[in-house]
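From just these sequences and the hints, can you work out the full model?
Each residue of the sequence shown is one higher than the one before, counting from 1 in our numbering.
Please keep in mind that the hints were generated in silico from the structure rather than gathered at the bench.
Within a straight-line C-alpha distance of at most 20 Å, the following computed SDA-like cross-link-like pairs (lysine to any residue) qualify: (1) Lys135 / Thr78; (2) Lys135 / Asp79; (3) Lys135 / Leu199; (4) Lys135 / Leu200; (5) Lys135 / Ile86; (6) Lys135 / Tyr83; (7) Lys135 / Val194; (8) Lys135 / Ser201; (9) Lys135 / Arg198; (10) Lys135 / Ser124; (11) Lys135 / Ala197; (12) Lys135 / Arg80; (13) Lys135 / Gly82; (14) Lys135 / Ser196; (15) Lys135 / Ala193; (16) Lys135 / Gly123; (17) Lys135 / Leu195.
Ranges between beta-carbon positions, derived for each pair: (18) Val87 / Lys135: 15 to 25 Å; (19) Gly49 / Phe91: 16 to 26 Å; (20) Arg24 / Ser201: 42 to 52 Å; (21) Lys135 / Pro20: 36 to 46 Å.
Think of the CB as a built atom: it goes at the ideal place given N, C-alpha and C, for glycine as much as any other residue.
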Amino acid sequence: MFDARLRPLIDPPLARLATPLVRRGITATQVTLAGFALGALACLAIALGAFWIGLVLIALNRLADGLDGAIARQTERTDRGGYLDIVLDFFFYGGVPLAFALADPASNALAGSVLLASFYANGSAFLAFAIMAEKRGLSTDAQGQKSLFYLTGIAEGAETIALFGLMCVFPAAFPALAWGFAAVCFVSAGARAVLSARLLS
Numbered sequence: 001m002f003d004a005r006l007r008p009l010i011d012p013p014l015a016r017l018a019t020p021l022v023r024r025g026i027t028a029t030q031v032t033l034a035g036f037a038l039g040a041l042a043c044l045a046i047a048l049g050a051f052w053i054g055l056v057l058i059a060l061n062r063l064a065d066g067l068d069g070a071i072a073r074q075t076e077r078t079d080r081g082g083y084l085d086i087v088l089d090f091f092f093y094g095g096v097p098l099a100f101a102l103a104d105p106a107s108n109a110l111a112g113s114v115l116l117a118s119f120y121a122n123g124s125a126f127l128a129f130a131i132m133a134e135k136r137g138l139s140t141d142a143q144g145q146k147s148l149f150y151l152t153g154i155a156e157g158a159e160t161i162a163l164f165g166l167m168c169v170f171p172a173a174f175p176a177l178a179w180g181f182a183a184v185c186f187v188s189a190g191a192r193a194v195l196s197a198r199l200l201s
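Now the structure itself:
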């Protein structure tokens with residue numbers, strides 16, 4: 001919901017950070033893979049109960065996720081890069097709830113499972129429309145220049161990262177946060193499905 005509004009604010013500083021990396025020959029794919037490694041470490045830290053370390057690593061993962069796109073825009077955007085970016089993002093998004101479930105299975109497993117199911121529903125509605133949009137030659141730059149069609153929704157990246165941050169700061173509140181955000185994601189998935197059906201009719 002807020003991603004498109006945040007884009008004009010975060011793109012210029014990301015572009016400035018990307019410029020010296022481009023000069024050093026660092027590629028967007030390298031940053032994507034490094035960011036995923038940071039995200040995987042964040043999940044490991046959370047699973048082990050080191051929530052503040054997890055929070056820092058999540059922030060670094062998201063910085064890398066913004067930088068890889070900025071580097072690609074200054075060099076060359078590729079299908080492989082776009083594919084890795086979105087797939088590894090989904091791996092990361094799924095890994096965080098799983099990590100909280102592993103940290104405290106008795107308290108978090110059910111809520112984490114429902115949250116993961118809501119991510120699955122929201123992600124499938126998003127990605128399926130992107131495939132159909134590509135077939136029809138549809139495009140949008142509402143979320144900036146992307147490798148695939150980003151259909152807006154109630155629950156997007158900014159909201160999800162804010163949620164993960166709250167979970168790391170208040171780990172005991174994970175069940176309530178997970179149930180609440182799962183409800184938002186299911187509504188977002190439903191809205192995306194209805195909008196997609198209308199756009200494709």
